[in-house]
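Peer 1: Now for the letters of each chain:
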Amino acid sequence: MKYLHLVIAALTRRKARTAFTLVSIIAAFLLFGLLNAVRVAFSGGSDTLAGNERLVVASRFSIMTGLPQSLQARIAAIPGVKAVGHQNWFGGVYQDPKNFVLSFAVDENYLDTNPDIVLTPEQRKAFAETRDGALVGKALAERYGWKVGQKVPLISQIFPRKDGDMTWPFTIVGIYDVTPDAPNGADQMFFLHWKYFDEGNQYGQHEVGWYVVQLSDPADADRVAQAIDALSANSDHETKTQTANAFNASFAKQLGNIGLIVTAIVGAVFFTLILLTGNTMAQAVRERIPELAVLKTIGFSNRSVLGLVLAEAVLMLLVGGILGMLLATAVVPALGKGSGGMIQLPQLGIRDWIEGLVLMILIGVVVGVLPALRGMRLRIVDALAGR
Amino acid sequence: MAVLVEIRDVSKVYERGRQKVEVLHHVNLDIAEGDFLALMGPSGSGKTTLLNLIGGLDSPTDGSITIGGERIDRLGEGALAKWRAANVGFIFQFYNLLPMLSAQKNVELPLLLTHLSGAQRRQNAAIALQLVGLADRASHKPTELSGGQQQRVAIARAIVSDPRFLVCDEPTGDLDRQSAEEVLGLLQMLNREHGKTIIMVTHDPRAAEHARQTLHLDKGTLVEEQQGLAVGH
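Quick note, the sequences are listed as chains F and W, same order.
In terms of the numbering used here, the first sequence is numbered consecutively and its last residue is 387.
In terms of the numbering used here, the second sequence is numbered consecutively and its last residue is 233.
Among the clues, some could well be false.
What the hints assert, rightly or not - Here are the simulated lysine-lysine pairs, BS3-like style, with alpha carbons at most 27 Å apart:
no. : chain 1 : residue 1 : chain 2 : residue 2
1   : F       : LYS151    : F       : LYS98
2   : F       : LYS82     : F       : LYS98
3   : F       : LYS138    : F       : LYS195
4   : F       : LYS2      : W       : LYS20
5   : F       : LYS2      : W       : LYS82
6   : F       : LYS125    : F       : LYS138
7   : F       : LYS195    : F       : LYS147
8   : W       : LYS141    : F       : LYS15
9   : F       : LYS147    : F       : LYS98
What the hints assert, rightly or not - To be clear about the criterion: a stretch of chain F counts as covered by chain W if any three or more of its residues have a C-beta under 8 Å from a C-beta of chain W, and this derived list gives those stretches:
no. : region
10  : 28-38
11  : 376-384
None of these hints come from the bench; they were simulated from the model.
Glycine is no exception: its CB is placed at the ideal position from the N, C-alpha and C atoms.
Using the sequences plus the hints, can you model the full thing?
Peer 2: Structure (structure tokens):
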């Protein structure tokens, strides 16, 4: 620690150059943080079903392929199933395509399968009794200033009504709250009646998008999942039962191998960072050769000089990297809010921070090692003579 | 006076590509403890090379250098660095202060290699700066000081760890007459009042006058002895 002021002095010798280098490090680790969150969000977590009290049953072939409504009663009959609801993707926007609304057509049972939703019995009753009724999350209602009783038109980007009109009128019958541990964006959803949707759209085929199953005992998850998939085995609508996280991830996987894409981008960013920072460090040490020679003259060992230059590179990476990841921590929830719940990125976890810190130190050593070796190996008499 | 520096049959050969250049040729020299020796000679005569060898910055091609009873020509790089930190104070023509550090922090540099606490380092550096008359400039960066003041900071840095001797390479070469006189007066004071052994390379006969004796080098050989205390062979 007694050498820290020497390291800081070296870094502040050319303030503008250090600032520009720091900005590039911050940008690189901001990207690392965000892309890591994207990768985690799209990875869908563990394949293990045990311990999950909610399962999602979707078509084995594609999420876009519907399942017969008749399956609901058969799933409900399986021992260990507490409730079965279903959802269809509605894909609505409000007034303008940029005002995307996370909207789903659901049956009444769905509300029993979603423990995150907090609703009064009166609102639930109103939803059950109103054909064009809609339940909207508190945050979504605040965003557009919606009130209970208000008529709200949503434009579906996929489903036209029977008359060809893409605009669907709804009456808001309830504004729900969510539990404190609900995921980000849970309070930004719009639920409409599946019957209203199924009977009103041109493609209505009495199909549901996917089923959501609430279990009596999470320990039964594996057994119940196997039993559900067995119901449709060898049919034209084979199912795949998975956790809610894994189901969400399979949505994203339609875009491609997110993990590979993220790794490629992060790799390219860090490769560029190594070239840029390595060049800066080399230049900084080249300018300071006489100063390093003075340190060696007064008795600093080769190892001390090596350590000083390496510490300089690692410190610069740590400062920039930590700032970048803190920025990512702040940006992740903002992205969730700004996207109206469409982008649900997990907050950076301890594993992301450990990975980030290891990368910072590793890149610091990589970019610092050659200049440090140069400083270590310099011949004092040559360096002092400017040779 | 006891002999501090014993140089025996020292030669130094540099290789420049395929060419070998002998810069010092079988030099023999004793320097007494407490001496103030000026080394003079034309450019290329080998005086800075001899100074570097005495200061442990370079190693001889042949011969032996014994300082305070220790054969420094046999020391490895790491041991030599430790030896320099404990025994030698360096003063250069262009001061060679670290520009981002204050005068105080520059003076503290050699003390970082000791086991002194931060408070002790600050205290010792303050005393050294006081000795060179720059206590009031402790917080100034080198660029905020005149050439003479910078050289005095460099002297404070050289003496702060109380080395056995000082090596000075053209310490007044970049200074005006008045500043040079101040610096030379300071070196004289360190020699006379604090008993520091000083070995100084200079081109300037007026600077050499401040030394107790002067030796001349020419083409790598000691050619003349003045005032008789140092012994050149």
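Peer 1: Flag every earlier hint the structure violates by its number, smallest first.
Peer 2: The structure breaks hints 2, 4, 10; every other hint is satisfied.
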